[in-house]
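**Q** These are the residues of each chain, in order.
2 protein chains.
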Amino acid sequence: MESQDLSHHFSKAARSRVPNVMKEYYRFLRVPEMGSFAGGSPCPDYFPFDTLEFSVVHPESLSVKTQANGSTPHAQVIANKVSIQRSVQSSHVSQQIDLDTALQYGIASGNPALYAWLHKLLRTVRHPDVPYTPGPKIIICGGSADGLSKIYDVFFDPWEEGVHKLEDRQGLLVEEFVYPPALAQLKPKAANIVPVKMDSEGLLVDGPGGLLDVLENWNLKKGKRPHMFYSVPTGQNPTSGVLSYQRRKQIYEVCSKFDVLIVEDDPYWNLYYPSSTSRSAQDGEHAIDKIVSQREKTSTGYKFLDELIPSFLEIDTDGRVIRIDTFSKTIAPGCRLGYITAQPGICEQLFRVTDATTQQPSGFVQAIIAKILSGLNSSVENPETNGDKCQQSALWGFDGWVHWVEGLRDKYQQRMITMATIFEQNRHIITESDTVPMFHFSWPRGGMFIWVKINIFAHSLASSIDTKRLMLALWILCTQIPYRIIMNPGKDFAANAQIRDENAYQYLRFCFAAVDEKILVSKSKAFTEACKAFWKFNRKEDIDRILEEEDKLSRGSNGEVQTADDVERMVLEDW
Amino acid sequence: MESQDLSHHFSKAARSRVPNVMKEYYRFLRVPEMGSFAGGSPCPDYFPFDTLEFSVVHPESLSVKTQANGSTPHAQVIANKVSIQRSVQSSHVSQQIDLDTALQYGIASGNPALYAWLHKLLRTVRHPDVPYTPGPKIIICGGSADGLSKIYDVFFDPWEEGVHKLEDRQGLLVEEFVYPPALAQLKPKAANIVPVKMDSEGLLVDGPGGLLDVLENWNLKKGKRPHMFYSVPTGQNPTSGVLSYQRRKQIYEVCSKFDVLIVEDDPYWNLYYPSSTSRSAQDGEHAIDKIVSQREKTSTGYKFLDELIPSFLEIDTDGRVIRIDTFSKTIAPGCRLGYITAQPGICEQLFRVTDATTQQPSGFVQAIIAKILSGLNSSVENPETNGDKCQQSALWGFDGWVHWVEGLRDKYQQRMITMATIFEQNRHIITESDTVPMFHFSWPRGGMFIWVKINIFAHSLASSIDTKRLMLALWILCTQIPYRIIMNPGKDFAANAQIRDENAYQYLRFCFAAVDEKILVSKSKAFTEACKAFWKFNRKEDIDRILEEEDKLSRGSNGEVQTADDVERMVLEDW
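Residue numbers (our numbering), protein chains in the order written: chain A, 10 to 584; chain B, 10 to 584.
Do not take every clue at face value.
[Unchecked claim] Taking lysine to any residue pairs in the SDA-like style, the calculated list, with each CA pair at most 20 Å apart, reads:
(1) 258(A) <-> 310(A)
(2) 420(B) <-> 302(A)
(3) 534(B) <-> 43(A)
(4) 266(B) <-> 16(B)
(5) 90(A) <-> 308(B)
The hints are simulated quantities; they were obtained by calculation from the structure and are not laboratory data.
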């Protein structure tokens, strides 16, 4: 079955975009002996680069299994040297990974070799079972934020109060707690943000405030019925929930019925910790559950991938899923490289936006990632192989890639267990009369965060001081000596002001991914110790004193503001 | 004098943007011993790269002077090997060019070291005399197209017919012949495109249809008086004009009077050929004029730069100039790297758009360009230098950079002279009764193009066949055997349909920059030969036959369409 035509959702801006006129002449450029005076490309002979080389670590260096098998501790530093030559001639576009291609203007779908490798990855390893024919396409982008901004451009018209009709105001469905930039990006379009109830997995379909309730009982006086759901299905940010396959199918069914597009923003797709599902906050130990393949149809060929929950893409009969992948969490954020997977009609619109704005990410990073995925090394030229200078060597390829992302899962899972165990074992305070939990949390099922709900109403000052002020005081106390830790206040993740003021402010989000491994234990304990100290405060003055400290810190007495102004200042000091 | 507050020009979308809430916590991250559970950065220990190395050619390898001095022909291939280490510790932000910084999330102003080097380049070498205090800032972007799309985002509201008032429709001032993507990008906002008369330099200030006439006699029934002028001041695309310093000052004065912002898109800033100014189309020889410094105030320290015409920035007393620089033409388009220079208030808005969309270009390219500009090489670690692992070596630096861009000017000037001389010497046809010019052109004063006006009304069939059809036939004839050349039809560069149909269609734009140097002469002659053959056609059937050929070519019998679909097809054939 082919994907549905969903072009009625395209914004006016998207519909008005026309292909770049300069590019209609490209078809002439491959005619033999054509001398091109068309276009505005500079001369490739004057690109000042000769080769690009990089060292990439062994793909199994993070794997717990590898390390348990007695490999040397420095496995991680054994690196393969990879060379990208200035020029590679190959009849296979996927093997033509060279600087000539990387340095010249390209087309908005990205470096052809990278496109080819990602496309193969998509169709064979990542999402072999997308239901519609002839299957999804991809468009390369500069990371998730860039991808999402282009999706909003294609699907949201700006709305102005007093100018446009209320019933024309478009809306975005989100969970109650949501990744803030996903909302901030949409703010200039003034769309409705429509929160839906959630549990520890994520979005709820049934019940009051659930997806079905919101869509069935939509009041047109609030605007148009929302036409898009934004989801981080694996390792939801901030709650670390993972939508089960069953839940994904239920959500899809409702979205299909109400013609709602699903944006699947999945940066933590490989960070799935199924053993957390069976834990309650009472468990003290970590037990590895028996995990079975989640796949209904084709195996990906990799046990690790088969055990992940299939993407929304794989139940997308209509072509209404727009998936965002990024290399930020699997390789490095500085790559600024990602890709969107969607039905061809949607990719065409995203192509036009890309062509008119970013054109494509830097050729350097595209060539580097293509090289890693390809498993090809061309450092040794072999003129005997009929002009094809590529020579295979044991590099990453898809096998290495899967080992690498599995190793990342192992590493982040270890960190998660370390931190969650400390939180679990130290979350109570023993008072004269009772044992009181200072906070609650669900063990993360995926992702990089622990979402902690402070039991703030159990604090002795909760009856005399506004609990929002108490939460701020706790946060500031954590940043102070001897604790010196910082985490994100829950209020920043509320989908709207009501959720912020009634609920979200009681939470803290901890990212266990980036803190130095050596201090993960001590800094996790520091939080529980800060809580214990905080719980002992019983005078209003204790709280006032801490809030005064915040003012000092804000004045930058011992902190540096890392903003544009800050960089500016550093720069001027530099000379 | 400080720059003016021009925030009344900001779009509604720009005004609604708020800083990223996640980033307000960054100031805590530099507090000593702070353990960060904030943000969502992945662990830098798990970034799989060790080092990045590249070979960059000697900066003087393109210089005509160097080659005349008897250097070896292979000077061009002598390359410096540059290494970017995983980690560099330096108290100077400008020297901290390492993978740790390149691979992690950054801030929207870009890699701090690159920002520092570009800032120094701006203030000391490129534009030392910007009049307002404390001077302009920069924001790094993903090339000119990305930069321009962000500028439009900040300064243009979308306009809808029947929804918004006619007098609210914003407008963009452009020259009659204009770079098409600059208009295509604005199309989704439905702004007025307002053409202004031009001569061989560029925009005309005085006279009917000149800038002053358009602004003074603006009719509000056509929309709001335009608030922005888009300019390619050096090597105008497509005409290759260069606005003289005098003209720039006149334009600025009028823009200041009518509160018009100036977008200075200057990709060809270094490709200035002042000797062309004194040439008429009758000259057969190239004479090097005595060029004097164009600067009124501070010398840049480089004779080559002093002889360039100062940027609009250097007469920008108000802070109304927004300058776009790109590395596409000076290093390589595949970099996708550029920067915008403007007053701080405008940069702040551009920072917010960047933060919400692309965030920043890839860390790899930023580190590579920072390394080139810095002239630092850190391939040798020296633990004795007090933790600072940088070691100076003779690399590019600003000196090398200036030599490189001067060498590019020399090379492109050679190409321009080669092609223009052939065109000049072969542009007439001798008929039984007369010597008729088949085309006219001005010698390019800058940039990469020759803008040729075909003398189409002098063709014997002009009285019996629509001249637009004749122009199409000439264009197709050029693509055929034995000529096999392609160039851009002038119609694509018209600011509107009227200019296209009355004037622009008579032109062809030739880019002399990219064609292989070995065939530049033969392919330039091929054009004049195609013209001669075309001039001999005297039957309607000759033209009909050529236009039929175009149909065949369109059907792809011997051409390949390089589009997203084409890549898709290649990819699928690949496996």
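**Q** All hints, please: hold or fail.
**A** Taking the hints in turn, this is what the structure says about them:
1. 258(A) <-> 310(A): Status violated; Cα separation ~23 Å.
2. 420(B) <-> 302(A): Status violated; Cα separation ~61 Å.
3. 534(B) <-> 43(A): holds, 14 Å
4. 266(B) <-> 16(B): OK: residue 266(B) and residue 16(B) at ~17 Å, within 20 Å.
5. 90(A) <-> 308(B): Given pair residue 90(A), residue 308(B) is violated - Cα atoms ~45 Å apart, limit 20 Å.
Violated hints, listed in ascending order, are 1, 2, 5; each of the other numbered hints is respected by the structure.
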